[in-house]
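**Q** Given the coordinates of chain A, work out where chain B should sit on it, guided by the hints.
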Amino acid sequence: MPLQTDLKPLSFYRLGPTKEKELFKRYRDTYYGVVVPAHIASYYYKFCSEFVGSLGKPYFIDPMTYIFANDPRQLKRFVKDKDSGRTKRDSWGQKKKGEVKRSYSKLVELEYSGVIKDAVDNDRPLVPSDLSDNMELMEFVQKIVEFQKTRLAAIPDKYRKYAKYAKKADKPFKASGNLPVLLVAPYFPTTTLHPRGWHATNLRLVEHAKGMADGLPVFAVILADTQVLAEDAKQIAQDYSKAGADGFLLWPDGFSGYEEPAALRVVFNAVSEFGRDGKPVILMYGGAFSLVLTYAGLTGFACGICYGEKKLSTQEMDVEGAIPPRYYIRRLKKKVVIETELRRIRLGHYPDLVCNCDVCRRKPDPATQDDIESRQHFMLVRAAEIEDLRQGLTQTDFASALDEAFRQHRNDALLPSVGHLRNWAALL
Amino acid sequence: MPKEISALTFKREVDMYQPLLKLFSRFGITVAEVPFFGKRIDLLFGTPSLSSLYAVETKLHDWRSAFKQAALNQLAAQRSYVAVPSKLAARLAEEEKDQFRRYDVGLIAVALRAKILVPPKKNGCFSLRHHHVIKNTLKKAKNPKAKRIGAIADAIADRSQTLIFLQTWAD
Chain A
1 MPLQTDLKPL
11 SFYRLGPTKE
21 KELFKRYRDT
31 YYGVVVPAHI
41 ASYYYKFCSE
51 FVGSLGKPYF
61 IDPMTYIFAN
71 DPRQLKRFVK
81 DKDSGRTKRD
91 SWGQKKKGEV
101 KRSYSKLVEL
111 EYSGVIKDAV
121 DNDRPLVPSD
131 LSDNMELMEF
141 VQKIVEFQKT
151 RLAAIPDKYR
161 KYAKYAKKAD
171 KPFKASGNLP
181 VLLVAPYFPT
191 TTLHPRGWHA
201 TNLRLVEHAK
211 GMADGLPVFA
221 VILADTQVLA
231 EDAKQIAQDY
241 SKAGADGFLL
251 WPDGFSGYEE
261 PAALRVVFNA
271 VSEFGRDGKP
281 VILMYGGAFS
291 LVLTYAGLTG
301 FACGICYGEK
311 KLSTQEMDVE
321 GAIPPRYYIR
331 RLKKKVVIET
341 ELRRIRLGHY
351 PDLVCNCDVC
361 RRKPDPATQD
371 DIESRQHFML
381 VRAAEIEDLR
391 QGLTQTDFAS
401 ALDEAFRQHR
411 NDALLPSVGH
421 LRNWAALL
Chain B
1 MPKEISALTF
11 KREVDMYQPL
21 LKLFSRFGIT
31 VAEVPFFGKR
41 IDLLFGTPSL
51 SSLYAVETKL
61 HDWRSAFKQA
71 ALNQLAAQRS
81 YVAVPSKLAA
91 RLAEEEKDQF
101 RRYDVGLIAV
111 ALRAKILVPP
121 KKNGCFSLRH
131 HHVIKNTLKK
141 AKNPKAKRIG
151 AIADAIADRS
161 QTLIFLQTWA
171 D
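First to last, the protein sequences are chains A and B.
All the letters of the first sequence, read from the start, carry residue numbers 1 to 428 under our numbering.
All the letters of the second sequence, read from the start, carry residue numbers 1 to 171 under our numbering.
Excised from the complex, chain A in its bound form:
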């Protein structure tokens, strides 16, 4: 199914390792599609293919190739003490790393192999010169494109028996041919436009991916920090258009919508630049600021369900400890930690911040919501915010609403800081 670019903004949720299957299914009307990271698609392929197959929603696979150009330690998991379960530390007090994480190991061994396996086996990052040979580059692209086209396209045999039940219930059931909505060309971080840097290689990767796509749209990932985007967004956009990219997945490295106005402006302008020729632009990791970016032409954005709205490409993959459950306050466009902030703030004292979604009507004191409920609330509220935009909320009205919320709460003693609302309003 083609990308429905007339439904701006499209919201994608990223499939994470947590138990989110029920949320995805139960609230399937609150989002547009699903992003499946390649290592998860590979390691849990039976689950993932059954999941995206039964969901019947557009999906695409993030090939995660950038990770192989980083410090190889990033691919490795922490070593745990068998008795205490705690992470072991070296004599400097640093956490000890062990083997390559199993999900990546499987991706490298069984799916990507070639130059990536060579780099991982030698415990070194992949460098542009590894792909200087055209044959090797083509083989590399071929494997990654094929993986995306086939890995989740057919559901495992053992699930085919459910076809008759789906038919009885008049529900769609695709045993094969469940192709991704788009293909993502292999990508690496753009830190410079120097011919020997990753940018030139990225362009070749897109060109070759385009030739192997069998008619599926090929999107280029622009992984660059705001400094590179500020200086070179125009050139990068032109280069990728020449390379034949059908759309862009923009990943401003480590950026969040709560940054200073200058950084917000850079990303706003970059979205505008990449979308200049009418090509779709999707933010790879985006939060509420993506709603503002819709007015710059953003087609859609992806994030986890109530997490993962920004990402630094070099951040540690093996995260220890769970994220404390957070509650999204729609008017403030910000999340607060339920266990502490929400218990202290007492949201009921702020009538304009009280939510009337189904979950909050059932549990009026959000401080009593658990992790699942707060995520359900997030999905419902985000869908309502998107619906407002789709229904034609004007730029001026949106800016006024942000500014009004800022003025009302800027000096509140307990609420989180709301300076971002003023910054966002100023952009519109």
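No incorrect hints appear here.
Below, a list of computed lysine-lysine pairs in the DSSO-like style, where the Cα atoms sit at most 27 Å apart:
(1) A:210 with A:234
(2) A:95 with B:147
(3) B:145 with A:95
(4) B:39 with A:88
(5) B:147 with A:96
(6) B:139 with A:82
(7) A:95 with B:135
(8) A:97 with B:39
(9) A:82 with B:135
(10) A:95 with B:39
(11) B:145 with A:88
Below, a sample of chain A positions facing chain B; criterion: calculated Cβ distance under 8 Å:
(12) 337
(13) 341
(14) 343
(15) 344
(16) 417
If you are wondering where the hints come from, they were derived from the structure by calculation, not from laboratory data.
Heads up, the beta-carbon is just placed ideally off N, CA and C, and yes, glycines get one too.
**A** Leaving out everything else, chain B in the frame of chain A:
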């Protein structure tokens, strides 16, 4: 307050710790950078049994964010303070005293010495459950040998460590 004291400027929040340690020297246990639901309490003073905990949030300029954190600390500590340089503290005591009183947050002025300008009350938000979370965190600390503030100031400033037990100030 003498002029030379009130004019003292601090470069880092950790530079304000020594006067604060002295102010709370009656407590048996002093811990910096205490993890608390994804955030950290700058300084926590406790009795040896940990039944009584006082939290201090330090800031050089942005007192509002320190206030918000101090308000959260009230969940786990019986008393919670904001500590800022004396010049800023004097202004806050004059202009924002009501807010500190309304939310039972204390205000400390820090110069060569630290002085409580607004004493906090025992707050109504204190939760035994949160208190126990902090107590358990402190009890589980692996290496509770108290260090001199001078030796560990850089680690506190760059936030590279958590649960740093500090030597209580002694003349």
